[in-house]
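Undergrad: Spelled out, the chains give:
There are 4 protein chains.
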Amino acid sequence: MKEKVILAYSGGLDTTAIIPWLKENYDYEVICCCIDCGQEEELDGLEERAISCGASKLYIVDIIDEFCDDYIMPCVQANAIYENKYLLGTSMARPLIGKKLVEIARKEGATAICHGATGKGNDQIRFELAIKALAPDLKIIAAWRDDKWTMQSREDEIAYCQAHGIHLPFSADTSYSRDRNIWHISHEGLELEDPACEPNYDHLLVLGVSPEKAPEEGEYVTMTFEKGVPTSVNGKKMKVSDIIRELNRLGGKHGVGIIDIVENRVVGMKSRGVYETPGGTILMEAHQQLEELVLDRATMEVKKDMGNKLAQIVYEGKWYTPLCDAVKAFVTSTQEYVTGEVKFKLYKGNIIKAGTTSPYSLYSESLASFTTGDLYDHHDASGFITLFGLPLKVRAMKMQEIGEKNKYE
Amino acid sequence: MKEKVILAYSGGLDTTAIIPWLKENYDYEVICCCIDCGQEEELDGLEERAISCGASKLYIVDIIDEFCDDYIMPCVQANAIYENKYLLGTSMARPLIGKKLVEIARKEGATAICHGATGKGNDQIRFELAIKALAPDLKIIAAWRDDKWTMQSREDEIAYCQAHGIHLPFSADTSYSRDRNIWHISHEGLELEDPACEPNYDHLLVLGVSPEKAPEEGEYVTMTFEKGVPTSVNGKKMKVSDIIRELNRLGGKHGVGIIDIVENRVVGMKSRGVYETPGGTILMEAHQQLEELVLDRATMEVKKDMGNKLAQIVYEGKWYTPLCDAVKAFVTSTQEYVTGEVKFKLYKGNIIKAGTTSPYSLYSESLASFTTGDLYDHHDASGFITLFGLPLKVRAMKMQEIGEKNKYE
Amino acid sequence: MKEKVILAYSGGLDTTAIIPWLKENYDYEVICCCIDCGQEEELDGLEERAISCGASKLYIVDIIDEFCDDYIMPCVQANAIYENKYLLGTSMARPLIGKKLVEIARKEGATAICHGATGKGNDQIRFELAIKALAPDLKIIAAWRDDKWTMQSREDEIAYCQAHGIHLPFSADTSYSRDRNIWHISHEGLELEDPACEPNYDHLLVLGVSPEKAPEEGEYVTMTFEKGVPTSVNGKKMKVSDIIRELNRLGGKHGVGIIDIVENRVVGMKSRGVYETPGGTILMEAHQQLEELVLDRATMEVKKDMGNKLAQIVYEGKWYTPLCDAVKAFVTSTQEYVTGEVKFKLYKGNIIKAGTTSPYSLYSESLASFTTGDLYDHHDASGFITLFGLPLKVRAMKMQEIGEKNKYE
Amino acid sequence: MKEKVILAYSGGLDTTAIIPWLKENYDYEVICCCIDCGQEEELDGLEERAISCGASKLYIVDIIDEFCDDYIMPCVQANAIYENKYLLGTSMARPLIGKKLVEIARKEGATAICHGATGKGNDQIRFELAIKALAPDLKIIAAWRDDKWTMQSREDEIAYCQAHGIHLPFSADTSYSRDRNIWHISHEGLELEDPACEPNYDHLLVLGVSPEKAPEEGEYVTMTFEKGVPTSVNGKKMKVSDIIRELNRLGGKHGVGIIDIVENRVVGMKSRGVYETPGGTILMEAHQQLEELVLDRATMEVKKDMGNKLAQIVYEGKWYTPLCDAVKAFVTSTQEYVTGEVKFKLYKGNIIKAGTTSPYSLYSESLASFTTGDLYDHHDASGFITLFGLPLKVRAMKMQEIGEKNKYE
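Quick note, the sequences are listed as chains V, Z, D and B, same order. Position one of the first sequence corresponds to residue 1 (UniProt numbering), numbered consecutively onward. Position one of the second sequence corresponds to residue 1 (UniProt numbering), numbered consecutively onward. Position one of the third sequence corresponds to residue 1 (UniProt numbering), numbered consecutively onward. Position one of the fourth sequence corresponds to residue 1 (UniProt numbering), numbered consecutively onward.
No wet-lab data here; the hints were simulated from the structure. We put the beta carbon where it would ideally sit given N, CA and C, even for glycine. Among the hints, a few may not be true.
Stated by the list, open to error - Okay, derived cross-link-like pairs now, DSSO-like style, lysine-lysine, Cα gap no bigger than 27 Å in a straight line:
1) D:213 with B:213
2) D:405 with B:4
3) V:213 with Z:213
4) Z:107 with Z:237
To be verified - Derived, one-sided and incomplete: chain B residues facing chain D with beta-carbon distance under 8 Å:
5) 347
6) 348
7) 365
8) 388
So that you can see chain V by itself, here it is in the shape it has in the complex (with noise of 0.2 Å):
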């Protein structure tokens, strides 16, 4: 009986060429994967395109809850984004895909898992890190960086796979390199390479229009949470994927959640391109709108470090790891008191607030004004910078007393 293989399988014309060369190159059988995380691609007819090319079997699993639930919201609630801009959308994502790799592989028992990430991304780290991590037994098979693969254009491919039979209406693509999701769409290639070109979003955006071709009228929003997860928009109760997919259309409308980076990938160098987040953006900006009136401020700051650590963490791949699981359970720990609802306005791009309100707000009015009382009296103040200051104040006292300059004169 031959040893089986479990290939994460798109259907496009990459996955599909491994299937032959799997088979041609380590005598496998071999069982497609393909994990819906909510890409928009048909999968009607998937089955029968694996099994043609050669599969014995294709799984089709539906994470899209699994994993706005487990993956996005602890993202969203650190207020984790990589290098100032980027939310995150592919690296959250293929943890739980590489998780669910395993288990089908569990479940057939096959002892390999080939993926068909490039060689110059950081996919494939984050496929292998999650694989090594939940089943370091299992051979990884990264089919681009293979010594047996040999095929080095799309061209190649089909190619390929006509020569095994497989004759699939496969064009030549001469589009942008995409990844897309629930949460998100990346963008590269095409423009994009040359940093100083400016993206033609006319060619390029899904999931929305850009700011200038917005609608002219702005549009209210009001989102509710409890504990730090979303639970209604617009008044209406909804689980989190389905939140996501309403922020999704509203921000997609208005033109909000566009990013134009040059990013640093793990592999050590730099990337430029475009993704397309629009529920995402509106979803953590509102989040963080409300932490605004819940949070103190030793905690916010503290947490601010959190997140970008948590950022670093889960775009290096490393989400099932000792490191990642602490900085979580800090994080939850935050958001035991973010409850309460945010009003917004999305107006062509921009994200406009209009009005927060929580039963935990820190926020006291009477404090914050100008008046004096119990529990804050002016003259405490006096004590408080005598002490604030007190090092400040003995360094250039003794500046004087030595007689040396004070380098701040």
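Given the structure of chain V, go ahead and fit chains Z, D and B onto it with the hints provided.
TA: Just chains Z, D and B, lined up with the frame of chain V:
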């Protein structure tokens, strides 16, 4: 001969009332000092006014260029933003104002400095820490916190002035509480005191318009930087202060840089304000746009933490401290190659990147693209991932070895 | 009926004098509360003493186990050390004492809590922040900072007591100012007030001897931990408090854990003290010794920052805050596999490692050794270094390309 | 004419065998370079040996002072310690060795550099990152990872040498694997490969004795520092390298600075080693002892993070990077006033503080003591605590107001 006090003087009701109060309660000779940091207030006639109210002298000190070059620029280079939103406009100005007050105190042989900041705000701290650090021997009089201060409202102040022969046309103000300089204007009070309220932007905005009122047509802008310092806008070389002025004009016109925030004050409570920082928002974005191309990943990551740290330090008024110096030394070091040109489009509140170039760009199109080469062989990634993922794999193997469940499964 | 005040009472002169003072100045019914956190003071007769001085009641509350399990252990697990040296002995105890005072206040229906901490130390902050966080409605009376407090010396206090009919045999103390609990003892005052002076250890030490007085013969100790909690010493299972006692005995005997430090107080000045923490020093070292084997590099690195953060938080008395909770959640998460055995030798102030084992050890002899194998091929390192060093190389190439000097040459 | 390769040469078996191997496999002219960083090895006759083995030339380069001044001192000032224990002795030396190899390569017009570091260690990374950063055009040959390398043991190497006419008296080594320079010596291998084993210190130690073998009598030492740089020991002015030598003598004699650690290598696995750093341990402690007196709290806190960061950077071989520069700039800035004298006693492994003084001391006896005064009034503490504790109190009041349980109760 009477002792002299230097009074930070704006010409407004608050600081005007302090003149007779100081004379009456402390028997000082009062020397007024008006610091021009770009607040765009009428300075003609100010000397006459001060003297008519009892001051012996008025100094007018223009600090705009020093403010821009030595206080704003380090914060821009650090991308120092307080609590994700606030560009520190007021915070950066206070230490320099404090320094000028001390210089005049020294020149005049004064023994005290007086300010009119309230007892609930951050500015009292920033003024006083600056004075303590520079001149620990000077007495600081915070009029509003002083035991001898009895006025609690504008009405009280007007009555006090009149009782002391000052009959200036001060009206009972019903507007926002504002602070303005070349970098920004802040607004507090009125409807802003309730975080549930949307700001009344038509009433509130001073430096520009809201995105909705901005032109239908976007506008491209190019900027150049040398070692992290802006040197030109749209091809025209300018000093930093003129660049900020020009960016204020452009940003204000296109509705850029309006921030609505609930922030945590140093004195322990939350307050709510709206900031307009049109030019500053553009300048910080443009600077970051260039850094993306020039800074490596590790530097960006630690610099982000240092920027957050600097924001804390500056917000707290700790400009004249060894820690502030050290953080600025870190930041300066990172700016060595932040030289190049950025292009972007302003459109209804948006700053949309439109291309970036630098002689020191670390982006390499051939590296980023799909192809393999001398510098990077796809197979290198295999070795990288083996080592990068080794700790995860060893952990997972250990769990298998001792027969314990892997918690990530 | 009179209002009640809960007085933190030790039986010493300071807190004894407060009893009549509270009655005279505030007309309270005074309820004393003595918290036993391991200070090894005589508690027999304390009730009689308190009542004879005017208190209506004395509570004695033993918090030793709660202190060890819920306050000390999180800090040990975090390796929380303030300013590189101080193991937080006093800092950790104060919030729990505050909590107990509040509990008794609630039980008694008291409206105020009074403590005798001085106005220059950290403890006033720690007590009062705990009380504010737990019972914001309770009035706090800090006797020594109170406007009605007039005593400035032990002599004053003795005179005051006698004037109020209290004739206890208090001597004019000439010793160090000390704070002791099960974890440590601190010493301040006398020769320590001059940082240029060497401590007089023969006079000063309470919990053990100096290294020079320790036995000539070292002593091996083994300890076991489960999930970061110590469970046995030298093969004998014990609860945490007994482990600390036993380690105190061992460490004290061998001159371990004596720290001489100039530290920065929260209130803004430096102070100098000597701490004896014999058992605590051993426990923290032993815990770290085990973590070396079990924690991965990335977790260790971030955990170090979190440990420093926790030390700051605890030193500042901010135990009952969301940030403290979140940091503890992080730390707890990292302890899941900190299980194993450590062996070390105590010898004249030294803790010398003598072997560590853990079922979850990530150390692999075959990996660490010179040989190549399945898990790690020497050639993998080449790929790793190519990618790891890519940013450096690209930068250097860029400088060559544009003909500019490489600043590192 | 043949191309030239620069070989990092020690005279030992490993690097000797590389000479004929390079000639045979790459047809290079081999130029040997022996870098003297204080390893105390015999250099007489080394030139003859290298040439007799086939090298065309031998350079001997003394880097000791440059190493001490420009590489060690920044790390001492930063208190850069890797994983709480390792003082970076080997890590700091590698980049400078790499730099010297590049300098000689440039002088000789060589096209390659060869080193003999193994494929599992950190040193290969440190050498190669230095070379990449300084001379990206040079080919790097890591002999032990090279496809053409076939020797797997000392026996193989001896046989290979003999087959190529080299008949030197190399013995089959059975000792520890060691690296030594002026700062430290590291030991790996033998019993250390099992973390459960206690090190055999009698067999292992080179630079000094164990605490148990140290003199019964302690020894006082005084040191002075100027701007963070040590300038004298026991009253005798010396350059830094001589200070390190003298402290090595003193520390070695008294059993100071012996570290047993399981550390995490960059390449992903844990390794176990013992380090002797007698002088370095003293120098770092003494420097910290002085900083306690001179640095304010906020600077100390952030500097600690920066020191940890520098330790990571140096351990990873990233010396010639913008981040390393920036961190060093931060640290340098903090050293401006680290000037003064420290005294301590060395006794059987202990460094016991015995007094510290500095003209820039921020310690004030009158401030630290109990009394109140102009600079600090006990009542100021009340105002301070009111504001410092305000966020906690507001939170607790809010919970009472909305009738929800306070989770800290």
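Undergrad: Give a verdict on every hint.
TA: Evaluation of the provided hints:
A C-alpha spacing of about 16 Å is found between residue 213 of chain D and residue 213 of chain B, which places the hinted pair at or below 27 Å, so the restraint holds. With a C-alpha separation of about 24 Å, the suggested pair residue 405 of chain D and residue 4 of chain B falls inside the 27 Å cut-off, and the hint holds. The straight-line distance between the Cα atoms of residue 213 of chain V and residue 213 of chain Z is roughly 16 Å, inside the 27 Å bound, and the hint therefore holds. Taking the CA atoms of residue 107 of chain Z and residue 237 of chain Z, the gap is about 36 Å. The hint is violated against a cut of 27 Å.
Taken as an interface hint, residue 347 of chain B checks out: its beta carbon lies about 6 Å from the nearest beta carbon of chain D, inside 8 Å. A cut of 8 Å between beta carbons decides the hint on residue 348 of chain B: the least distance to chain D is about 5 Å, and the hint holds. Evaluation of the residue 365 of chain B hint against chain D yields a held restraint, the C-beta minimum of about 5 Å falling below 8 Å. A distance limit of 8 Å between C-beta atoms decides the matter here; for residue 388 of chain B the minimum to chain D is near 7 Å, and the interface restraint holds.
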